[in-house]
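Could you build all of it, start to finish, from the sequences and the hints given here?
Protein chains in written order, with the UniProt record's numbering: chain A, 1 to 412; chain B, 1 to 412.
Source of the hints: derived by calculation from the structure; they are not laboratory data. Heads up, some of the hints might be wrong.
Cβ-Cβ distance ranges computed for the label pairs, FRET-style [what the hints assert, rightly or not]:
(1) A:Arg-329 / B:Arg-347: 50 to 56 Å
(2) B:Pro-412 / A:Ala-21: 34 to 40 Å
(3) A:Glu-77 / B:Ser-93: 29 to 35 Å
(4) A:Glu-301 / B:Arg-17: 41 to 47 Å
On a predicted model such as this, the values are computed, not experimentally measured, just so you know. Just so you know, even glycine gets a beta-carbon here, dropped at the ideal spot from N, CA and C.
2 protein chains.
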Amino acid sequence: MSGVGASARAASAEIARSDTATKNRALLATAEAIQAMQSELSEANQRDLVAGREKGLSDAMLDRLTLTPERIQGMVEGLQQVASLPDPVGSISEMDYRPSGIQLGKMRVPLGVIGIIYESRPNVTIEAASLCLKSGNAVILRGGSEAIHSNNALAGCIQQGLEVAGLPQAVVQVVDTTDREAVGYLISMPEYVDVIVPRGGKGLIERISQDARVPVIKHLDGVCHVYIDAEADPKKALAIAENAKTRRYGVCNAMETLLVDSLVADVLLPSLQSIYDRHGVELRGCPKTQALIDCQPATEEDWSTEYLAPILSVKVVDGLDDAIQHINRYGSHHTDSIVTENYTRGRRFLREVDSASVMINASTAFADGFEYGLGAEIGISTDKIHARGPVGLVGLTSQKYVVFGDGEIREP
Amino acid sequence: MSGVGASARAASAEIARSDTATKNRALLATAEAIQAMQSELSEANQRDLVAGREKGLSDAMLDRLTLTPERIQGMVEGLQQVASLPDPVGSISEMDYRPSGIQLGKMRVPLGVIGIIYESRPNVTIEAASLCLKSGNAVILRGGSEAIHSNNALAGCIQQGLEVAGLPQAVVQVVDTTDREAVGYLISMPEYVDVIVPRGGKGLIERISQDARVPVIKHLDGVCHVYIDAEADPKKALAIAENAKTRRYGVCNAMETLLVDSLVADVLLPSLQSIYDRHGVELRGCPKTQALIDCQPATEEDWSTEYLAPILSVKVVDGLDDAIQHINRYGSHHTDSIVTENYTRGRRFLREVDSASVMINASTAFADGFEYGLGAEIGISTDKIHARGPVGLVGLTSQKYVVFGDGEIREP
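Below you can see the structure in the form of structure tokens.
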């Protein structure tokens with residue numbers, strides 16, 4: 001692994017200084033290679049699927065592992081889309097003169113070498129590689145062993161793309177998954193790896209965060225809330241509460257707990273119940289909720305559970321302070337929304353809720369790299385330092401100071 | 001320690017939502033308390049100095065430990081200055097409409113709880129506490145055991161300041177240094193501490209980075225370079241090479257290695273030598289340097305050594321690529337400067353040197369929070385993620401996404 005690390009470090013200097021056209025050429029040539037190699041990709045994927053069935057993988061895992069023609073086309077379009085995004089690298093801002101005479105600003109620069117650790121979905125190979133490459137970083141990819149043939153075939157397409165653009169092969173490296181200790185090395189080589197992005201289940205991410213000796217951009221849970229304030233517009237409240245829960249159940253920006261102000265709970269909860277009944281969403285309520293509508297009781301554990309399923313916990317709260325306290329205590333600092341027409345309470349919610357995305361009168365479903373205009377995202381960070389929320393190309397860079405002078409020296 | 005952490009976490013919510021006036025009141029009241037308690041502070045400091053002499057601390061350590069009237073006045077002025085700085089918290093930027101109708105922007109928010117681990121200088125107590133408080137963070141301070149009486153006396157002043165402003169005492173906590181395991185706990189409580197800033201010698205910082213389970217904003221070395229290009233203006237080159245080395249020797253932004261292009265080495269090195277002779281700076285040169293001027297030979301180790309002393313290593317390089325390679329290999333990614341009138345080489349140096357501050361025609365001595373207009377700094381980061389270079393108030397915050405909507409829901 002230290003050989004992989006050293007090659008990545010060397011390649012990172014070259015990709016960091018590559019111009020936008022060269023990086024785009026590599027991305028588009030990779031897309032062409034994928035289109036040309038569709039049958040080889042399907043064949044490699046079949047080998048993984050056969051092995052997976054033999055190993056007794058669940059249907060859900062086999063589904064994630066499968067490269068359908070649509071998913072292959074999705075990868076091609078993803079590469080084209082990343083090529084069309086603006087290049088953040090080298091962008092200079094805030095070049096202002098200081099009293100000493102120097103002109104000081106900031107330049108956006110790649111992070112260096114990024115390690116991505118992920119599980120069964122082979123399309124992550126292309127998504128992650130394209131975002132890292134466009135943002136001027138070298139990347140080391142460590143996918144799941146069950147996707148090894150698919151990942152190697154995709155890596156072959158990327159290598160073709162790099163070659164067409166005249167970029168070093170080590171800009172994107174796929175780690176041999178038969179090396180069981182590879183992950184352990186990857187997360188403990190600060191001399192070669194600048195940041196780790198784990199993508200997968202909570203267990204994987206917790207394990208990696210625990211053991212890493214390199215900074216980790218991580219996303220653990222999405223326990224998102226909608227709080228319906230006493231002065232909410234009922235129409236907006238019902239639409240947002242429906243959309244945030246039922247648009248998709250298995251995504252991290254789905255609402256998992258609904259908070260309703262006690263002043264409007266008796267009016268709104270029955271309407272909400274009929275909406276959720278229509279979608280087959282199971283409700284688990286606090287005692288006050290249970291007094292107003294017929295539902296299961298919520299346990300203490302429910303308040304911090306990411307269901308990723310048609311289940312919703314519902315709590316009646318006593319005003320804004322109670323709502324904010326609940327969210328900051330039980331939430332996962334991902335995305336939370338208030339529905340209100342009250343200016344002061346909206347403003348307080350915005351400032352005091354400690355989450356990566358805080359919204360007024362909008363569905364939590366908008367918390368997403370595409371909706372935020374980032375083009376694509378490598379993940380949604382629930383960390384506090386560096387990047388919070390959807391991490392796109394800019395989140396894979398940082399800023400250095402640049403100084404233009406005219407021979408200035410500093411007085412004692 | 002988990003009690004300290006839990007109190008800090010609770011206090012962090014309160015300081016995060018405090019308005020600018022309240023935070024400034026706490027800072028100015030702390031300054032007043034320090035002025036009123038000057039004799040008590042000197043007395044407490046005397047106890048540390050007596051104990052330090054008994055323990056046989058070096059003169060340099062005793063000097064750092066001493067609170068002279070000037071240093072006490074410096075702390076008072078520092079507090080007043082931080083109070084006068086703009087408050088970064090709550091600042092909203094880039095509120096643009098998205099095609100969905102939502103209006104998306106970013107709000108600057110505190111990091112939460114910051115742990116500061118430092119060595120003998122008691123004035124760090126006030127510097128660190130004031131920056132954390134103003135940026136809306138709670139802070140846990142763990143100073144050196146040799147400064148315990150001074151630090152406790154200063155903590156008393158801060159507590160007075162917090163009380164005057166009606167802020168919770170746990171916004172600033174000073175850890176009892178008799179608890180030898182406190183540092184170990186402090187750096188491994190991600191549930192209570194969001195980021196660690198170690199301030200002190202390289203040994204301390206390396207140890208903490210190694211063991212921390214919390215992100216660390218760190219500054220290891222300052223191995224800074226000046227590269228004199230073939231097309232440098234000789235007057236600027238000599239002035240910058242003199243200033244970057246001789247302004248102060250013991251600071252991290254001092255030049256430690258001078259690189260001179262081989263095309264101008266024979267003309268410039270003799271002039272440089274006479275400048276450094278006048279200052280009593282010892283030169284250690286590569287073989288080509290030794291062929292041109294009389295000096296000691298530089299060893300491989302010299303190229304990566306932070307002397308913090310009147311010693312300079314000098315290398316003759318073959319053009320820009322050689323210079324950039326040397327800097328990225330042996331430097332510490334702190335601050336590096338090129339002296340040149342050549343547009344293309346200046347531009348390449350700016351982009352390709354991978355350091356927190358990269359300069360053209362300016363002395364490395366400018367790499368400093370005050371010169372950069374940050375007002376004050378908690379340290380100079382040589383990390384890649386989050387903040388690079390001098391870390392001021394803004395570096396102690398991050399950004400969350402905020403969304404203003406009008407009842408928007410996301411389509412499938």
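A quick look at each hint next to the structure:
Separation of Arg-329 (chain A) from Arg-347 (chain B) is about 51 Å and conforms to the stated range, judged on CB atoms against 50 to 56 Å. About 37 Å separates the C-beta atoms of Pro-412 (chain B) and Ala-21 (chain A), a value consistent with the hinted range of 34 to 40 Å. The given range of 29 to 35 Å is respected by Glu-77 (chain A) and Ser-93 (chain B), whose C-beta atoms sit roughly 31 Å from each other. Between Glu-301 (chain A) and Arg-17 (chain B) the beta carbons are some 29 Å apart, a value that contradicts the proposed interval 41 to 47 Å.
Violation of the numbered hints given earlier is confined to hint 4; every other hint is satisfied by the structure.
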